[in-house]
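A.B. asks: One letter stands for each residue in the lines below.
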Amino acid sequence: MTSFTSPAPAAPRPAPVDEPVEQGNSLWHDAWLRLRKNKLATFGLASLAVIAFACLLGPLLSPYGYEEQNLDLGASAPSGAHWLGTDTLGRDLLVRLLFGGRISLAVGLAATFVALTIGVVYGAVAGFFGGKLDALMMRSVDIMYSMPFPIFVILLMVLFGRNIILLFVAIGAVEWLTMARIVRGQVMSIKKMEFIEAARSLGLGRRRIIFRHILPNMLGPIIVYTTLTIPGVMLLEAFLSFLGLGVQPPMSSWGVLIKDGAEKMEEFPWLLVFPGTVFSLTLFSLNFLGDGLRDALDVRSSKD
Amino acid sequence: MLRFITSRFLQSLLALFLVITATFFMVRFVPGGPFTAEKAVTPEILRNLEAHYGLDKPLGQQYLDYLGSLARGDLGPSFKYPNRTVNEIIFDKVPVSAELGSISLAVALVLGIGLGTLAAIRRNTWVDYVASSFGMIGISIPTFVVGPLLVLALAIHLGWFNASGWYGPADRVLPALVLGIAYAAPISRLTRGGLLEVLNQDFIRTARAKGASEFRVVTRHALRGGLLPVVSFLGPAVAGILTGSFVIETIFQIPGIGREFVNSAFNRDYTLVLGTVILYAVLIMALNLAVDIAQAWMNPKVRLES
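Just so you know, the protein sequences line up as chains A and B, in that order.
Numbering that gives the first Met the number 0 numbers the first residue of the first sequence as 0 and each following residue consecutively.
Numbering that gives the first Met the number 0 numbers the first residue of the second sequence as 0 and each following residue consecutively.
Just chain A, with the same shape it has in the complex:
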């Protein structure tokens, strides 16, 4: 799994060469234009949109249900009736794939949201108040960093029945540490800047300074890291499901489908190839999008 350390303080980079800025050409608009120029990131964004739409709408349009069995048919190769074929119980693979996608994407988004919330609040508090509180909070993060978390997640899933809510919470609880470090570093560097001093000298309250002045200035790194967290989380879910510890049948997730496919690949290779491809394509797109966002928002991180 990828490991991040907190980003180095932003170094001056050559300013993007822009035409004289027209009115209303905000920072975000510039970033969007830069993102659009990055072909791989655009490809990632587009393919994610297609996959997400297909997962949301596809099952509604299909004549088959995700647990609808057709035992007479059994495992059949892709055909006109079943575009991606059927599994050994005669269930339509395409519908199961789209349905599994809903679960996988939902787990990815929900668990990332848990991680994001804990990480931002924790990091902002530590960074803003500093001093002893910061030292205590960050030492605790250091200690938690050195714990074997994937092991704990496996243990949790084995011990407390494989409950999908627990899955969100367990994964989210593992992934917030890096976010907390990034946010703390950002807050520490931003709060020393002159415009914060100016805000303070104008007599603004703490809350207003945090939410109106500090937070908007670190949205870039937060967005980038969030985008890069989602594939990590989805990978963890699929990994647990592959070990039989995640999502349980008859529900499907991409991890479950890959697990089933791997067991039967000798006779029915399409059961492995299609879910594997879609899952990899999704991770691929998310990684490219995250990379593109990092360049577009000009975030330097130690990742590369």
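Rather than coming from a laboratory, the hints here were simulated on the basis of the structure.
Being a predicted model, the structure only gives us computed values, none of them experimental.
One or more of the hints may lead you astray.
[Stated by the list, open to error] Derived list of chain B stretches under chain A, where covered just means 3 residues or more per stretch with a C-beta under 8 Å from a C-beta of chain A:
1. 9 to 18
2. 137 to 148
3. 245 to 251
4. 260 to 271
5. 278 to 288
[To be verified] One side only, chain B facing chain A, incomplete, derived with CB under 10 Å:
6. A21
7. M25
8. V26
9. V29
10. I155
11. A162
12. P235
13. G239
14. T275
All C-beta atoms, glycine included, are put in the ideal place defined by N, C-alpha and C.
Please build the complex by placing chain B on the supplied structure of chain A, with the hints as guidance.
C.D. replies: Relative to chain A, chain B alone:
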């Protein structure tokens, strides 16, 4: 420097203690015990079993007993494998995982650093694009997709290898390749990024100006700084490679410690679960400590900050 190492060491000890305590109570508070799955256990036998393993004592007493024997290096008896201790089981399984891990690590380092360096010095040429795509593809395609696909192609269709098992040297190839590639991908990206940053710096220009060959500039001057991000990645990565190959061990049916851990959790084999968790924790902490020290040694900036 010594103070830095000491404080990190104490911190790790505290973390280890927390891990042990949390795991101990987490396992106990879960429904089901090690003997619930066994058939035809009469209440008397169950009582005898529990008395034999000290499970009838109050939980606090059990905890202290466990810590006591742990301090002597004894991880206790296994509940599921009669007449075997956790120490024996671990010594039995760890060499297998460690062998797989070391080969994979070698693959990951050679492939990752090699490709990353090539990409950096041939920046924006087709060499760079090929190497960088490898990095992105390797990161995005999970081991549990690559593994079965390689088995399908190389073992089942071409028949070059066995699809699973852990007997001869040929059985090492596929698992080590799959695991190695998974870690080579991020390493190649980190190497490329780290090198690119260093190659622009003044001391590299100085080295070139002094007439050092390009090979020497890269290997002697640039790589030392350029590999810093790789080194900090290696801590968790090595721990993951050496132990966390649950998926690989499952796919290829390798009798390593990863599979044993998952099974022990299913079986509620309290002591074996605790033993493996402690093993992982110690390993991860030791590696993180090693990484901190290596970084301090490689980068004067880190050294001064602490």
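A.B. asks: With reference to the structure, classify each hint as holding or not holding.
C.D. replies: Hint check:
no.	hint	result
1	9 to 18	holds (count 6)
2	137 to 148	holds (count 9)
3	245 to 251	holds (count 4)
4	260 to 271	holds (count 4)
5	278 to 288	holds (count 5)
6	A21	holds (8 Å)
7	M25	holds (7 Å)
8	V26	holds (7 Å)
9	V29	holds (4 Å)
10	I155	holds (6 Å)
11	A162	holds (8 Å)
12	P235	holds (5 Å)
13	G239	holds (7 Å)
14	T275	holds (8 Å)
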